[in-house]
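What follows is each chain in one-letter form.
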Amino acid sequence: MIASEERLRKAGRVRAPDEIGWLGQMGLYLALAALTIFCLFPFAWIFCTALKTLGETFKLPPSWWPHQPTLENFVKIWTIQSFGRYFLNSLIISGVTTLLSIVLASLAGYGFSRFRLPGGRIAMVGVLAAQMFPGIVLLIPYFTLASRLQMLNTYPVLILAYTSFSLPFCVWMMKGFFDGIPTELDEAATIDGCSALGAFLRVVLPLSMPGVVATAIFSFLVAWNEFLFAVVLATRETMYVVTVGIALNIGQFRIQWNELMAGAVLATVPTIILYALLERHLVRGLSAGAVKG
Amino acid sequence: MPRSTRSSSKPSIPAVTGIPTPGDPRPRGGRWPRWLVGFAFVAPSLLVLGTVIAFPVMDTLRLSLMETRSKDQTVFVGLANYARLIQDAEFWSAFKNSISFTIGSVLGHILLGLAVALLLNQRIPFRPVFRIISLVPWMFAPVVVAMTWRWMLDAQLGVINFLLARLGLSGPFLWFENTRLALPAIIATNVWRGFPFATITLLAALQAIPKEQYEAAAVDGASAPMQFRFVTLPNLRFALIIIATLDTIWNFKHFDLIQVMTNGGPAGATEVLTTLAYKVSFENFEFGYAAAMGVVMSLVLLATTVVYVRRIL
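Taken in order, these protein sequences are the chains called A and B.
0 is the number of the first residue of the first sequence in numbering that gives the first Met the number 0; add one for each residue after it.
0 is the number of the first residue of the second sequence in numbering that gives the first Met the number 0; add one for each residue after it.
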């Protein structure tokens, strides 16, 4: 896998010779400009709306730039609409989900990569196929079970669900990373007196940090963005997560768009930070599978 | 996804359990057979997946044969729920909408994703920056995307109707009140949200195409469109199949965008199977009937998954 990545990178640098004149160059830059506007305008627009006063939000024609920019919407939504609480709930749930996913997925990925297990191949396919079920199929029995165990409106019930959503992909990804690390390394560690767990923790895992990072981002985003399970399993107002807080606002009769957009901006802050820091790893982890065939 | 398991392709790991071979990296003392050590690594994940996925799937199957009379009373009714589904016009309308939503979204993702991937594969300055920019739509929570586009498509105050009016198109377009516009508006939103996955996957596949193939084609006198047809597309085949199948699965079971943007309205014009099953289960509390819907959805998805798994194994 390391070898194929190298090939990929080289191939990326030396592309097919493209003979395009200045007209082609112009077209290229126009297309890039269009792409940039297409991708960024909606985000710029919610940011712009979030800084507007209520009066300006309802003004026609819409102003492209807030005339009296204000942070009042952020303050309001954070305190009066208790977005602070939703934010905290989302952070706790996503954070613990991320930790659990890293631990479970790297252990399982190592198990599938290094041990010939009875039925291991079937289990790997089963893990993958687990992603296909629609949420509602899982949700009805899970809801009934949680309600019988008095677990509705608790963190663990959502953390467990989100961990299971992120695991299939993360297990496959971690297995892919471990497959690329020579088994001679584990063998050497074992001969030096490491247990199987020791060889994994001290030798193989430190070499797989890009996989761990990709697992972390992926599972955090799965948990942070989820909506269906959150809206059914956490119905008490103090247990709302950010997505639920936003969605319930939109159902109101007269929507305070500027406040709602402030909520939207806040909801994307952790995501933006993660992407900015770690985009490279995620893209590599995600695209590793598709070019292999 | 990676195709081969190292343990089956590398003979350096002893395959037979329990029998010590030279270089067998068993834990010292060797009290545990090797397969048990491996199982211990895998077990926690399987336990989680069993609780949240395997058990509920089985239970939904059972529940689909029951009728929920009250909170604690369920009665076995055989296939009555399925018989009711066949005669339920709402169900068939939702089925049709689910298929329209899925086909529209997948086609949009692939066409737009391919166009952007081809653009980013050109010799352009700041490629990493543009790659991040084209990922932006994908990093929003679907709920946030739903709200953003609801605002931009608002009939009176929305920026899109304002721009359309500037272009001379007579409006205002009532995107979410008009039964013919609502589903296309949601599909367009979903195309914007989901195309980056196709883009990064196709871009990786494009960059893996050996340039010798283009050189050979050029030597043979192939024009740029011919090179695209006979070199680029065949090399993208595998990635395209993967994207199409995965995307079909994801969109057929998509819930968030539609629930938040229209809640299935107006007059059921955007009601898909997931939103309908949500209403039946968590608003009407007819768990048995909703479970039957879920089983039908799962069968459709199972067929798609079989295609996918057979392609990658």
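For the record, the hints were derived by calculation from the structure and aren't laboratory data.
It is possible that some hints are incorrect.
To be verified - Computed Cβ-Cβ distance ranges for the label pairs, DEER-style:
1) G49(B) <-> G26(A): 48 to 56 Å
2) F54(B) <-> E183(A): 36 to 44 Å
3) N177(B) <-> P68(A): 31 to 39 Å
4) V76(B) <-> S146(A): 16 to 24 Å
5) F229(B) <-> Q67(A): 53 to 61 Å
6) T69(A) <-> A154(B): 24 to 32 Å
7) L180(B) <-> G118(A): 46 to 54 Å
8) F57(A) <-> A79(B): 50 to 58 Å
9) L98(A) <-> V76(B): 51 to 59 Å
10) V124(A) <-> A221(B): 39 to 47 Å
11) L27(A) <-> G264(B): 54 to 62 Å
12) A79(B) <-> L98(A): 43 to 51 Å
As the list claims (entries may be wrong) - Below, a sample of chain A positions facing chain B; criterion: calculated Cβ distance under 8 Å:
13) L39
14) A43
15) L53
16) P60
17) W64
18) P65
19) P68
20) Y109
21) G110
22) A128
23) G134
24) Q149
25) A195
26) F226
27) A246
28) L259
Unchecked claim - Residues of chain B placed beyond 10 Å of chain A at every Cβ, according to the derived structure:
29) L62
30) V76
31) Q86
32) E89
33) L106
34) A145
35) L156
36) L166
37) L168
38) G293
Every residue gets a Cβ at the ideal spot worked out from N, C-alpha and C, and that includes glycine.
Here is how each hint holds up against the structure:
1. Between G49(B) and G26(A) the C-beta distance comes to about 54 Å, which sits within the given range of 48 to 56 Å.
2. The given range of 36 to 44 Å is respected by F54(B) and E183(A), whose C-beta atoms sit roughly 40 Å from each other.
3. The hinted range of 31 to 39 Å is satisfied by N177(B) and P68(A), whose Cβ atoms lie roughly 35 Å apart.
4. At roughly 23 Å, the beta-carbon separation of V76(B) and S146(A) lies within the given 16 to 24 Å, and the hint holds.
5. Take F229(B) and Q67(A): their Cβ atoms lie about 59 Å apart, and the range 53 to 61 Å holds.
6. Between T69(A) and A154(B), the C-beta spacing of about 26 Å keeps the proposed range 24 to 32 Å intact.
7. Take L180(B) and G118(A): their Cβ atoms lie about 51 Å apart, and the range 46 to 54 Å holds.
8. In this structure, F57(A) and A79(B) meet the distance hint of 50 to 58 Å, their C-beta atoms being roughly 52 Å apart.
9. Between L98(A) and V76(B), the C-beta spacing of about 44 Å breaks the proposed range 51 to 59 Å.
10. Range check, V124(A) to A221(B): about 40 Å between beta-carbon atoms, so the 39 to 47 Å window is met.
11. Checked against the given bound of 54 to 62 Å, the beta carbons of L27(A) and G264(B), roughly 43 Å apart, lie outside it.
12. At about 45 Å, the CB distance of A79(B) to L98(A) agrees with the hint of 43 to 51 Å.
13. Residue-level restraint check for L39(A) holds (minimum Cβ-Cβ distance to chain B is 6 Å; threshold 8 Å).
14. Taking 8 Å as the C-beta contact cut-off toward chain B, the hint placing A43(A) at the interface is violated, the least distance being around 10 Å.
15. Interface restraint check: L53(A) against chain B, minimum CB-CB distance 12 Å, threshold 8 Å, status violated.
16. With a cut of 8 Å, the hint placing P60(A) at the interface with chain B holds, because the nearest CB-to-CB distance is about 6 Å.
17. Proximity of W64(A) to chain B is violated relative to the hint, the smallest CB-CB distance being about 13 Å (cut-off 8 Å).
18. This hint is violated: P65(A) has a C-beta 14 Å from the nearest C-beta of chain B, more than the 8 Å allowed.
19. This hint is violated: P68(A) has a C-beta 18 Å from the nearest C-beta of chain B, more than the 8 Å allowed.
20. For Y109(A), the suggested interface contact is upheld, since its CB lies about 5 Å from the closest CB of chain B, less than 8 Å.
21. Because the smallest distance between the Cβ of G110(A) and any Cβ of chain B comes to about 3 Å, under 8 Å, the interface hint for this residue holds.
22. With a cut of 8 Å, the hint placing A128(A) at the interface with chain B holds, because the nearest CB-to-CB distance is about 5 Å.
23. The interface hint given for G134(A) holds, since its Cβ lies 6 Å from the closest Cβ of chain B, which is under the 8 Å cut-off.
24. The interface hint given for Q149(A) is violated, since its Cβ lies 15 Å from the closest Cβ of chain B, which is over the 8 Å cut-off.
25. Interface hint at A195(A): satisfied, since its Cβ lies 5 Å from the closest Cβ of chain B, which is below the 8 Å cut-off.
26. Here the hint on F226(A) is kept, as its CB sits about 5 Å from the closest CB of chain B, short of 8 Å.
27. The interface hint given for A246(A) is met, as the beta carbon of that residue sits about 5 Å from the closest beta carbon of chain B, less than 8 Å.
28. For L259(A), the suggested interface contact is upheld, since its CB lies about 6 Å from the closest CB of chain B, less than 8 Å.
29. With 10 Å as the threshold on Cβ separation, the claim that L62(B) sits away from chain A is violated: the shortest Cβ distance comes to roughly 7 Å.
30. The beta carbon of V76(B) sits about 16 Å from the closest Cβ of chain A, which is more than 10 Å, so the claim that it is off the interface holds.
31. For Q86(B), the condition that its CB be more than 10 Å from all CB atoms of chain A holds, with the nearest at approximately 21 Å.
32. In this structure E89(B) is separated from chain A by more than 10 Å, as the shortest Cβ-Cβ distance comes to about 16 Å.
33. With 10 Å as the threshold on Cβ separation, the claim that L106(B) sits away from chain A holds: the shortest Cβ distance comes to roughly 18 Å.
34. Annotated as non-interface, A145(B) brings its C-beta within 10 Å of a C-beta of chain A; the closest such distance is 8 Å.
35. In this structure L156(B) is not separated from chain A by more than 10 Å, as the shortest Cβ-Cβ distance comes to only about 6 Å.
36. Residue placement check: L166(B) keeps its beta carbon more than 10 Å from all beta carbons of chain A (closest about 14 Å).
37. Look at L168(B): its CB is around 15 Å from the nearest CB on chain A, clear of 10 Å, so calling it non-interface holds up.
38. Not every CB of chain A lies more than 10 Å from the CB of G293(B), the least distance being 4 Å, so the non-interface label is violated.
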